[in-house]
Each structure stands twice: as structure tokens, then as C-alpha cells.
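*Asks:* Chain by chain, the residues run as shown.
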Amino acid sequence: MAVSPLVAPPSSLTSPLKRQPSQQTSSNGTPNFGTAPLSAAKAILGHPQETSTSSSTPPSLTLDPIEQMNELEKRKYVKGRKLGEGTYANVYLGHSRSDPSALVAIKKIKVQAQYNDGLAPDAVRELKHLQELRGHPNIIQLYSVFSSKDQNLNLVLEYLPLGDLEMLIKDVDRVRYGAGDIKAWMGMLTRAVWFCHENYVLHRDIKPNNLLIAADGEVKLADFGLARGFSDPGWRMTATVITRWYRPPELLFGARHYSGAVDIWSVGMVFAELIIRTAYLPGNTEVEQIALICKQIGTPTEDNWPGVTQLTQYTVPSEITPVWGKEAYMGRFGAVGSEGVDLLVKTLALDPKKRITAREMLEHKWWRTEPKPTRKEDLPRKSGGGGEEKMGADLKRRNGVLEEDRGSKVARKLDFGAMK
Amino acid sequence: MATEDARYRDSSQYRLWSFSPTQLGALREKTNAAARARISERLLSHPLPTTTTSTSSKDLSTPTSNANTPDPDGNSTPALPEFLTPPEELTLVGYYTSEILRASEALHYADEIKATAAMFLKRFYITNSIMTYPPAEMFFVALFFACKVDTGHVNLSEYTKIFNKSPEEILAGEFLLCQGLRFAFDVKHPYRALRGAMMELASFPDMQSDLKRLDAAEARARKILQFSPLMTDAYFHYTPSQIMLAALSLADRGLAERLIQETFHFVQMEGNSADTPGGGNNGGGGGGGGGERGNKNYRANEEKAKVIGSQIRDKVLGTIEACRDMLNRELPERKEHWTNKPFIKTQITPLRKKLLKCKDPERWNLVELQRVRREQAARKMDSDDEDDASGGRRVKKEEDGDIFGGDLGHSAKKRKVTMKKEEDLFGGPMLVKEDPFGGAKVKKEEDSFGGFGGVL
Numbered sequence: 250m251a252v253s254p255l256v257a258p259p260s261s262l263t264s265p266l267k268r269q270p271s272q273q274t275s276s277n278g279t280p281n282f283g284t285a286p287l288s289a290a291k292a293i294l295g296h297p298q299e300t301s302t303s304s305s306t307p308p309s310l311t312l313d314p315i316e317q318m319n320e321l322e323k324r325k326y327v328k329g330r331k332l333g334e335g336t337y338a339n340v341y342l343g344h345s346r347s348d349p350s351a352l353v354a355i356k357k358i359k360v361q362a363q364y365n366d367g368l369a370p371d372a373v374r375e376l377k378h379l380q381e382l383r384g385h386p387n388i389i390q391l392y393s394v395f396s397s398k399d400q401n402l403n404l405v406l407e408y409l410p411l412g413d414l415e416m417l418i419k420d421v422d423r424v425r426y427g428a429g430d431i432k433a434w435m436g437m438l439t440r441a442v443w444f445c446h447e448n449y450v451l452h453r454d455i456k457p458n459n460l461l462i463a464a465d466g467e468v469k470l471a472d473f474g475l476a477r478g479f480s481d482p483g484w485r486m487t488a489t490v491i492t493r494w495y496r497p498p499e500l501l502f503g504a505r506h507y508s509g510a511v512d513i514w515s516v517g518m519v520f521a522e523l524i525i526r527t528a529y530l531p532g533n534t535e536v537e538q539i540a541l542i543c544k545q546i547g548t549p550t551e552d553n554w555p556g557v558t559q560l561t562q563y564t565v566p567s568e569i570t571p572v573w574g575k576e577a578y579m580g581r582f583g584a585v586g587s588e589g590v591d592l593l594v595k596t597l598a599l600d601p602k603k604r605i606t607a608r609e610m611l612e613h614k615w616w617r618t619e620p621k622p623t624r625k626e627d628l629p630r631k632s633g634g635g636g637e638e639k640m641g642a643d644l645k646r647r648n649g650v651l652e653e654d655r656g657s658k659v660a661r662k663l664d665f666g667a668m669k
Numbered sequence: 018m019a020t021e022d023a024r025y026r027d028s029s030q031y032r033l034w035s036f037s038p039t040q041l042g043a044l045r046e047k048t049n050a051a052a053r054a055r056i057s058e059r060l061l062s063h064p065l066p067t068t069t070t071s072t073s074s075k076d077l078s079t080p081t082s083n084a085n086t087p088d089p090d091g092n093s094t095p096a097l098p099e100f101l102t103p104p105e106e107l108t109l110v111g112y113y114t115s116e117i118l119r120a121s122e123a124l125h126y127a128d129e130i131k132a133t134a135a136m137f138l139k140r141f142y143i144t145n146s147i148m149t150y151p152p153a154e155m156f157f158v159a160l161f162f163a164c165k166v167d168t169g170h171v172n173l174s175e176y177t178k179i180f181n182k183s184p185e186e187i188l189a190g191e192f193l194l195c196q197g198l199r200f201a202f203d204v205k206h207p208y209r210a211l212r213g214a215m216m217e218l219a220s221f222p223d224m225q226s227d228l229k230r231l232d233a234a235e236a237r238a239r240k241i242l243q244f245s246p247l248m249t250d251a252y253f254h255y256t257p258s259q260i261m262l263a264a265l266s267l268a269d270r271g272l273a274e275r276l277i278q279e280t281f282h283f284v285q286m287e288g289n290s291a292d293t294p295g296g297g298n299n300g301g302g303g304g305g306g307g308g309e310r311g312n313k314n315y316r317a318n319e320e321k322a323k324v325i326g327s328q329i330r331d332k333v334l335g336t337i338e339a340c341r342d343m344l345n346r347e348l349p350e351r352k353e354h355w356t357n358k359p360f361i362k363t364q365i366t367p368l369r370k371k372l373l374k375c376k377d378p379e380r381w382n383l384v385e386l387q388r389v390r391r392e393q394a395a396r397k398m399d400s401d402d403e404d405d406a407s408g409g410r411r412v413k414k415e416e417d418g419d420i421f422g423g424d425l426g427h428s429a430k431k432r433k434v435t436m437k438k439e440e441d442l443f444g445g446p447m448l449v450k451e452d453p454f455g456g457a458k459v460k461k462e463e464d465s466f467g468g469f470g471g472v473l
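From first to last, the protein sequence lines are chains A and B.
Counting in our numbering, the final residue of the first sequence is number 669, and the numbers go up one at a time with none missing.
Counting in our numbering, the final residue of the second sequence is number 473, and the numbers go up one at a time with none missing.
Keep in mind the hints are simulated off the structure, nothing from the lab.
No residue lacks a Cβ here, since even glycine has one placed at the ideal position from N, Cα and C.
It is possible that some hints are incorrect.
[Unchecked claim] A short list of chain A residues far from chain B (calculated; beta carbon distances all over 12 Å):
#	residue
1	351
2	365
3	370
4	374
5	383
6	401
7	421
8	477
9	534
10	541
11	556
[To be verified] One-sided excerpt, in silico: chain B residues whose CB lies under 10 Å from chain A:
#	residue
12	24
13	115
14	149
15	176
16	201
Same shape as in the complex, but just chain B (with noise of 0.2 Å):
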């Protein structure tokens, strides 16, 4: 019947993106356990070299980690660092979320760019942890990507210009941010809803008189959107419409209430002849039900009753008050709290020197990862389309030429590379290019966006 809502259910929000509270924070627990596990196996395998150059050719004799075997030689003892927790990367996520709309809000992007760009951002570490691919890059990449969804195309160099990065450095991550979003690029936001909800708010007669309310709520409701929902969980809980009740609810609590008696009206109007109200598929629960004609039988009628009935009314009223509750959490008043200068200090700042140490040996730098995948894709290159054709040969083959040596050679140089990544990730000058917004020293933090309102 309520075909909005069966169609919701297609969208890829609803079938990859959608979760219970208690789903949601199985699968944060579950990526950070599985980055912890392979981060100590990596650390443990390639160890940091204390000294300056190991024989690499040693590191590389060492059977992949007895993960708690320390090192025979001891020329890394290799004690594992305290990695984040669960918490602590959500609070990260959320952290760099609102750096995005930051960002955003200076450059003047469409409410709907803002808000794709922080879910991708967000929707990617759910099933990447932030300790596996740095927060601060993959920030740019959402923020470009969602343009070039939203918008069709976007100029890289004049993106590259604003945030002084290179075009490297930005599509080095768009792979990647693709992969973890699973290929759906469409976010489904509440902006238009509650453009919907006003019209048909104003449309009520004795709304007439009090179009100034009507503002104000739209006003304060599309503050809240701007921001509440996506510093929260909001989008994997609940969908467009209920997130847009509970954002009016919250800037007017009677004009959300209106909306929805009207739309689940059916056992109080006597004679429901009357029409649903056309925009009722703003009620999230499920109205739209309009167009049901000669329904005067009674399979029609409790039909209805299912649809836009008091008992549906309750649970959507429970439900955006659930969605009210979390959007609370987060009212656009808090943007201050996220640059709040001791905010950062005590919980910001140790968070991020603590991933710093925590990070991914073998995954930080977005930039060399993606080109040892290049390198690795260009050795297969020469057989590229038979090899998918004929599966598993073709994989043996790969490990035949690694038995027979050419490999050692390459992988040396490979591990030379990364050390030299690592020393410089760790050195004064990469942390400022590392993280425009202020790597470790807070003065940062205030003015990092200050020059971007001029730039457009």
C-alpha cells in the first residue's frame, strides 16, 4: 500500500546502510577488533626500526608474527601500542565530522553536498577503523566526492587549490571511499521533506495567521538538520521523514504533533471520506495513502486503519520522539563545543597522538598504498583480461614467480619506502601537512578555515 515506504526499503540507505542501535555498535566493535588484530600482526611483522637501518633482508626471514613472540633479535621489541577503543574512535569520527561541515559551510556548499560528504565520511568508518586510514585525509575525499555525486563533476584543481593539498593526495583515498561505501553514492537526506512539511503546514487554514511561527520552525528545523542529525547516529536509525519530524518537533513541538494527527487521522474523523492529506508521506510511518476509492467496505476501512490509523500514529510518535531524543544530543548549538579550544586540548588532541601511534603501518599513507597497488596491478597488467577468465591458475602463477626470487628484491625496496613514510609521519613538518587543522598544536584549530569563505 504505501509504496513510499516500500521504496525506501529499496534504496541502498535502507539496504546497506540502515542498522538497530545495538547492530550499529556490534559492527563498530567488530572493525575495531579486526583493525587491532591486524595492526599488531603487521606491527609485530614488520616491525619499526629503532635503530636506523635494519637488515631488511633479516625482518624479512622472520616468519610472519607469532603474534606474541617478541623479536629473537630485539631490535625492535616490538611493544604493541595502546590502540584506540571503540569510543575513542567515534569520538574521532565525530570529531572530524564536524570538521566537514565546517569546511563546507565556509565554501557554500548546498545543504545536501554538507551532509552527503559527513555521512560518507561517517558511513565509511563503520566498517573501516580510523586507526587503518587516516581521518584527516580521508576527510578531503569525501568532501570532493560528495561533490562529484551531488553536483556531476567537480574541478580537482581548484578543490586541491582551496585546502592546499595535491591532486594525489585526494584521489589516492577515492577508491577507497568508494569500496567502503559499498558503491551506493546516494544519501537520502530531510531537507526537502520538511520543505514538504511547511508547505502543507501553511496549507491548513488556520495556519493562515501565524505564518510567522511557521518560519520561525522552518528556520530553527533546518538548523537542526544542518547538523544534529549527522553529528548523531540519526541516519542509520531512521529514515528522512522521521528525521525531519523530530527536528520540527524539536524547533515546535505542537507544529510536528499537527502534521502528524493529520496525517494518521483516520479513527478520529468520523466520515473518512476525507482525502489524506496529500503530503502525507511526510508522516515517515507510512501515509501517501491517498486514492483509495469506494472504500466503504470494511477491508478497505481497517485497511486504512493499518495505514493512517491511531495505533501507526503511536508508534510513530514514539519513534520521532526516539529520533528527538538523539538529535537533542546534538543541537546546532554543540558546533561551538567541537572547536571549543579546551574541548580539543583534553579530549581532541590526545586522542589524535594516541591513533598517530595506533595507526596502520601498512595502510596510513594513502598515497603509497595507492602506489604499491598500481605497482601490484601493473605487474599483472600484461594478462589483465584473461586472468579474471581463468581464476585461480593465474593466482598460482603470481606465487611461482614470488618463490622464485624476483619478488625479494622488490619487496626490500617496498619495506625501504615505507620506513622512510613512517620516519617522516612522525616528524614535525608532515604532522602540519598531515592535518591542515592543527596536528598537535592547538593554535591551529581556530583559523584553519578562515581564509576558505574568500576563495569562492
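Extracted from the complex, chain A is given alone in its bound form (with noise of 0.2 Å):
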């Protein structure tokens, strides 16, 4: 199929994967609300004298230019029905005032009491990143962002109406799926990491309900709370990062240097995911988490991970396992087929080094075999609605860094033989 949406044409440097003019008009009816224009703001700073300086008012504050702009900003939308409430944000149904059929959700950043330090750091990471990754079909737009009352951040983001992969891949009995559905959905996700990547962008929170889906099925990444910019090297990162089934055995064992790769490993977690309809490596703890990966996947040694034992919290169960080799994969996560099997393996490859990247991903062969993506419009999705409400959730909810994980880490020389 000539509309593919999946393959990037891997050669071209034009980059297919970015602003196709018929993504433009996505038939979810979103228009580009676009940025306040800096017309705006020179028109405002052309007419210093304020019309709203009335007596009806003497204990408000008069507005100054920039604040003006923020009230051009905030009156284009109309706040409607609160979707989810949360700790850290409230989301709210919205549309464009002058186009009431143009909705959007709007994300409200509360002022969080036990955060004493200012603008909360996932606002400002989210904030930072969103705005700079604009313009791809699988990220999730951000029109706007306007200042409220007290001070609270509003997010005008993409409405995305038809809930999360998760929502999909458990209702096991009333979606059914097939390969050419997974194949579509991967596609969207690749090229999403792919975009991050080249922009040099980590998102470290790759997981199934933070894949939300629009209106005509396009599959979008989400909350950006935890991601941060390519560090430069020699530059030490958090290892606290990604909610754990999704997390690659580096940060696991406290890599504090680490690249892209980790993501893969959490899209290689989201693919397994799809094939098997229930979470692959469901680990209730690190120490567990790692007992998984060395069962199922393999166990990190110095011959097939060379320098993996010096990371610092580097700990396996006794009994090593060897690496599985993709035939080990074929029964269980055969549905995608060989070639599919064989991308899952790549993303799975312990050493992040060797692990494949999004750009090798998308070049790859499996996009190419029988059966082709299913068109996005075409795709499955869950009956019943709900999808308004999920969103409200996903986009409410703090990301993925697990409080009792920090503790755990001091637990680490535990008794793997003690758990099955």
C-alpha cells in the first residue's frame, strides 16, 4: 500500500516522518492552533496605553504586555468538564473558542503542597520538551500554555479521545487484534521514539498508557514529565527512571550514562506486550525485575556485556541463564512472524550497546513483510467509549519514578533464590 503509514522511506533525509501534509488535517478536526504569534505581542507592545486600567477594579493588578498576551492565550479556550483529578494535575475537556468543534484537553498543572522548590520539575521537563518536539504525528501536540489564578499552569494539549494502548491490550475479550494491528501500532510508536531521538530528546517513560490514541487511530506519546536532553558525556543522569517492567537492565543495575537504547528496551517491553496481551516481565520489585530479565531474556554477563559487571548495583541470581535465541521467541511471540520475532529480539538485546536503534528499527525488514499495517483508521478500538475518561487519567497521573524503588536499591544483595 502506496499510504503506508508506517515505513520511513530510511534513506531520505526530508524526512517523511515528520509533518505529512495529510497528517496535517487529521481528521480528529483539530486545527494547528500554532503558537501565539510574536504579532501578538508586538501588537499589544503597540498600544502601551491599557484600555483595562478602569476604576471598576482599583485592588487588581493592571495587566502588563506579556500578562495580556497570556489573556489572548487563555481566551481562545473554553475549559469544559474535568476528565481526571490527580495530585500533580487536574484535565479538563476544552475547546477553541472560536471553533467550538475544535476540542482539546487542557492539563492543569496543580501547585503541589509537598513540593516546596517552585514549578514542579515534571511541569518544567514536560513543558521544555513539548515544546521543542512539535510537528509529529505521534507525539502529542501542544497548542498552548496559559497561566491561570493562583499561578497554575494550563497545558492545552491534543484531545485524544479513544483511550490507551492498555486499555486495548487488556480488554482481551471484547478487542480482538491481529498482527497487521500490532505492526501499525509499533510503526507509530518507532517513529515517535524516533523523532525524540533525533532530536535528542530521551523519554524515559515508555509504557503502554502513556500511548494515548486520537480520533482516527493514530497512536500518540505522551507525558513528557520524566524526559530530558541527550546529557553530554561524562555527565551523570538519574537511574530512577521508567516504571520498572518497562525498564532495560542498565538502569536497573544504576547506569548513571546511558543513551536512547533505554527507551528501545521499554518499546521492546511494549511490542512483547501486544504480541501477549499481558505484561511481559512483570516484576514486583528491582530485585525481582532483574530475576526476570535474567530468566526469560538472558543473564548479563561480562562475555555477552562486556564492563556490565562494573555498573554499580550489578547483582544476578547465581544460576546463569544463557541468552535465548530468537528461535526460544518463536513460540510464544510467533503471531508477528519471523521477522518480527527478530526486531523484538534486537530490541531486547541486553547490552544497550548492542541494542537496536529507533532509526535501524524503522529500517527494518519487518515492515515490508505480509501482513501490511492496517490503515489507522481501520484499526481496532474499544467499544463502550471511556476513551475520553482514560485520557483525563493518563494525563493526570505523575510518571513513572516509584518511591519504594529508591529504598529497594538498598535491599539489592537479596537472596534471589529466595523468590520464584
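Build the complex: two chains, separate frames, hints provided.
*Replies:* Rendered as C-alpha cells:
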């Protein structure tokens, strides 16, 4: 199919992965609001005389140009009913004031009681990266930002009413899907991750419920609250990122220098989960997570991963499991065919240096073998609604740093034999 | 074709914070004019009492300023202060930018953080006048927020200890800064580009014998990048790679030109099948054009000429030259200039004194401003969520409330607080607190950062 949404012509540098005209007018009807044009600021700055200094509200502060701009931005949207409420943020349905059919999600970041150092770092990170990752069809779009009242940040985000991948994976009874559908979803996910990495951004929390679905079936990577830019060599990063089931071995071993390979492992885990419709390696603790990886994928050793034993948290069960070959996966994951399994295995390379990159993933043969990826309009969707609420729940959530994980680091040298 | 260029045009640095010199000048002038107008208005409508407690109710009954008519009561005869001109504002912003660099150097912050902090301050004061918000305060805020943005977190209490500030004072300006930055926190710097350029130069066979020259050039260029582009408007007019090449050119013109020649080599090389240098994107104008295969046909060649041909090379060279001229005005040696006593005494101190006389009475005290904001917000809090939905109606209700009185008392109270604040600001001890880098006393200027090195 000529318009396969999946495969990027590998060698072209004009990046069809980005800004495809067809995707600009996405069928969910959301227009491209763009940013507040600078001309708006200039227009305001051109009229310093304030019309709003009327004497009606003497105690109120009059508005500075930049504040007027904020008011203008805010007035572009109408906030509707609440879709989700959390400690970190509330999410509302909203629409453009000029076009009520253009729906948006408005994520209102709460001033956090337990965080005393000002604006929450999650919000800062999310804003920082979403501002720079505009225009890709598989990344949630940030249309606008404005502040309301008590300096609450409001992020005007793309409206994604069909829930998330987790919802589809879990609803085994009512949602049926096949290899072509998985290929379509994986294609969209891989392109999103490719775009992040191409822009030197690590997402660091890829998992099914951060993959939201637009009205036209397009999958969108969301929640950049844990994202960060690629660091300079030698600059340490935290190892406590990525929700545990999707966390790669290097982070479990405490690596402080890492690359886009951490996201690729998560992509592999999502791939596996899409196939078997349950989390592939659902460890209850970090120790258990490592044990599961060793058992299901293979024990990281100096042989298969030179240098691994130097990582500060490196501990593995004493019984060494050799790394499983592709054939071992065929039984359980064969639904995506031999090429699909080949791709899966490459995302799950223990050594991050040997793990496939997002770009290499896009160049893999699997996308070009039968069956073709399903067109996004024809992808299975969950009947009976609930998608909006799911979006609300997903967007309001805090990200995957788990407090309990930090404590468990201390108790890492546990006896692996004690657990089954 | 040149995706790297296209991607740069999608960045907030390009979308929101790149201007032509004319545009930028006009923006600054507008900001200055707008601030004058607003401050005049505010000063006239809320005149500073020359005597002690003037009847605040009387002030209130005065209709909002008729700008040129003096208060009939004559109790304040508000002669408007002399305002800072746009060039004067620019000088002071430059001064505080140099202070940010000095402080972050003493704290051994990474280059990126220093530069981000400096650019935050500069960006903020494009659409905000320093007469409106105190640069001596926003300085700390910008540095704090740059740490937060670049490292993901920062320990506020540690930070406040270093600068002898209260958490309140830092946080009061944080949101303000974010708004002034238009909620775009990413600043793209030329440091990695420099490293890449040096690696590429080192890969040229004939350079192998000249590695010392490369080291010296890199060190000098880095030094320039740590200062010159931040003290000028280079970030507003040029891309990171152009800035890098300009700095390299100042350090060693031959190396920069070599790099540009190698990148935009298309016409020079006969059989154009040679690889585009891998680091071609350092060429600023539009390198990175490798990968085109089977380019025997005419169109591909033409396309290549457009991207890495001599015409674009000359254009790039011209741009680099202009950027070089700009950087040349603030070479690292000028660091001393910005801390030079006579300079401070004759240029900066008078401007600061002038600033204190024409500052915005309503905005200057950030902590107080923040308090008023919260108070206002709290009044609306109970209906927080609904009022967004019903828009205009809610606003009307607020106005009704005002008409029925309650607010009079409130505003009178607020007025008092404001007055107290004003008095403090002109008092001696406040000055030092307001401005730990010296206030009016020149003596403090020199050693204000002396202690920081040891703290970290």
C-alpha cells in the first residue's frame, strides 16, 4: 500500500517521518492552533495605553503586555468538564472559543503542596520538551500554554479520545487484533521514539498507558514529565526512571550514563506486551525484575555485555541463563512472524550498545513483509467509550518514578533464590 | 533537504526568540515605551506620599489619573521621574548578565547552565522593562530556574543559602520569569557544535601534525563562547553553529574557513561523489546533506549546489563574518571592563540610582506582588473550576462585588502595605539587601562573589 503509515523511506533526509501533509489535517478535526504569534505580542506592545485600567477594580493589578498576551491565549479556549483529577494535575475537556468543534485537553498543573521548590520539575520538563517536539504526528501536540489564577499552568494539549494502548491490550474479551494491527501501532510508536531521539530527547517513561489514541486511530506518545535531553558525555543522569516493568537492565544495574537505548528496551517490552496481551516481565520489585530478565532473556555477563559487572548495582541470580535465541521466542511471540520476532529480539539486547536504534528499527524488514500494517482508520478500537476518561486519567498521572524502588536499592543484595 | 535546518526552525529558540536587529531594537523600544506609560500612570494614580500618612481614601476617590493633570490636592505633586532610555536599559541588562556569568562561574556551574541563565535574563527583558521588574532580583531567579531546567532539579534551600536570600524571594519571580520566557525553556548553545567541529578538523589528515594548534583554538573559542555571545545579541540573530564558527574564526580564522570550505565544497571538487563531511551540519547554513545516492542526474547536482555549493558558502561566510564582528565587541577580556571600578562608578551606579527612581511602584517588589496575586487568586478560589467554563459572567460578578464595597477596605489596606514597601526601598539597609552586588556602595562590588568558590 502506497500510503502505509508505517515505513519511513530509510535514506531520505527530507524526513517523511515528520510533517506529512496528510497528517496535518488529521481527521480528528483538531486544527493547528500554532503558537501565540509574536505579532500578537507586537500588537500589544504597540498599544501601551491600557484600556483596562478602568476604575472598576482598584485593587487588581493592571496587566502588563506579557500578561495581556496570556489573557489572549487563555481566552482562545473554553474549559469544559473535568476528565480526571490527580495530585499532580487535573485534566479538562476543552474547545477552541472560535471553533467549538475543535476539541482539546487542558492539563492544569497543580501547585504542589509537598514540593516547596516552586514550579514542579515534571511540569518544567514536560513543557520544555513538548515545546520543541512539535509537528510530529505520533507525539502529543502542545497547542498553547497559559496561566490561570493562582499561577497554575495550563497546558492545552491535543485531544485524544480513544483511550490508550493499555486499554486495548487488557480488554482481551472485547478487543481482537492481529499482526497487521500490532505492526501499525508499533510503527507509530517507533516513529515517535525516533523523532524524540533525533531531537536529542530521551522520553524515559514509555509504556502502554502513555500511548494515547487519537480519534482517527493515530497513536501518540504522551507524558514527557520524565524526559530529558541527551546529556554530555561524563554528565551523570539518574537511574531511577522508566516504570519498572519497562526498565532496561542497565538502569536496574544503576547506570548513570545511558542513551536512547533505554527507550528502545521499553519499546521492546510494549511490543511483547501487544503480542501476548499481558505485561511480559511484571516484576514486583527491582530484584524480581532483574531475575525475570535473567530468566526470560538471559543473564547479563561480561561475555554478552562487556563491562556490565562494573555497574554499581550489578547483581544477578547465581544460576546463569544463557541468552535465548530467536527460536526460543517463536512459540510465544510467533504471531508477528519470523521477521517480527527478529525485530523484537533486537530491541531486547541486554547490552545497550548492541540494542537496535530507533532508526534501525524503522529500516527493519518486518515493516515490509506481510501482513501490511493496518490503516489507522481501520485499527480496532474499544467500544463503549471510556476513552476520554482514560485520557484524563493518563494525562493527570505522575510519572514512573516509583518511591519504593529507591528504598529497594539498598536491599538489592537479596537472595534471588528466595523468590520464584 | 537539510533537515537539521528545518528542525532548528521548529525550535522555540527560532520560533519565539530570533529576530532581526531592527525587530529586536523595535521590540525593546516598545517595551521601554510601554513601561514608561504604565509607570507614569501608576505613579500619578497612586502618588507616593511626600509626607507621612496621606489619606488613602482620598487617593482612592481620585479618578484614575488624567496623566498630565497634577493632583488637585497638591499633596503629592507628582513630578514624573526621568525614565531609563532603551540604551540605558540595555546597559544595565548587560551589567546583570555579566554578573550572572560571574556568579555561575564562581559556583562552577556547567557552561550550559551559565549560558541558559544569561539567556533567560536577556529574553525576559525583551518584553519586560527593568523599570518594571528588578533585575537584581530576577538575576537570582534566572540562575535558579536555569539550574532547574538543565539539571531537572535544584535544591532551593542550598541555593538560598549561597546567595543569602529567602526561598520566598527566589520563588516570587519564578512564575514571572516563566511567563516572560513564554513557557519555552529550551536554549540551544554552541558548545557541542564546537566539540564536533574540532573532531572534524582533527580528522583531516593534514591536521594530524598540528593538533596543538587545534587545542589552542578550541580553548580560545570556548572561552569566547562562554562570554561574547551572551554579552551581545548573538543568540537572537544567529544559530548556534554560526555562533560557534564565528568564535572559532576569532580564535583561528584559518580553521574556521577551512571547515566552511570543506563543508560547502561542491563546486570546488571535480568528481562530486566525495562524501559530504559527516559533520557537515556544523556548517550552519545547511550542511548535513550527505546520503544522496546515485546523484548522477542533473537535478540532484543542482540540489547539491544549492545546499553545499559556492553560493551558499559565500552567504555563510558573510553571516559568520557579521556574527564575528558582533562577538568581537565583547571579547572575554571585557570581563574586567564589567567589574572595573571607575566604569561601575560612572556608568552603572548612576543608572541604578536612576532606575530606583523610575521603577514601577506596583511591580517592583516581587514578594509583595506575589502576595497580592495569591490574595486575588484566593478570592476567586472557591469557584476555581467553574469560572473558567463560564468565562465572562464570573468576571462580572467580581465587579459587582467591588461595587458593593468590601473591596474598598481591602484596597486601602493594600495601599498601606505598598507604601511601606516603597519607604523600605529607599531606605539604606534595604538597598544592600535588594542588591548584594553592591547597591550604591561601590566597595561591595569587588568581593561580592569572593565567598562563593568555597561554598560548593
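*Asks:* Hints broken by the structure, by number, lowest first?
*Replies:* 2, 3, 4, 5, 6, 8, 13
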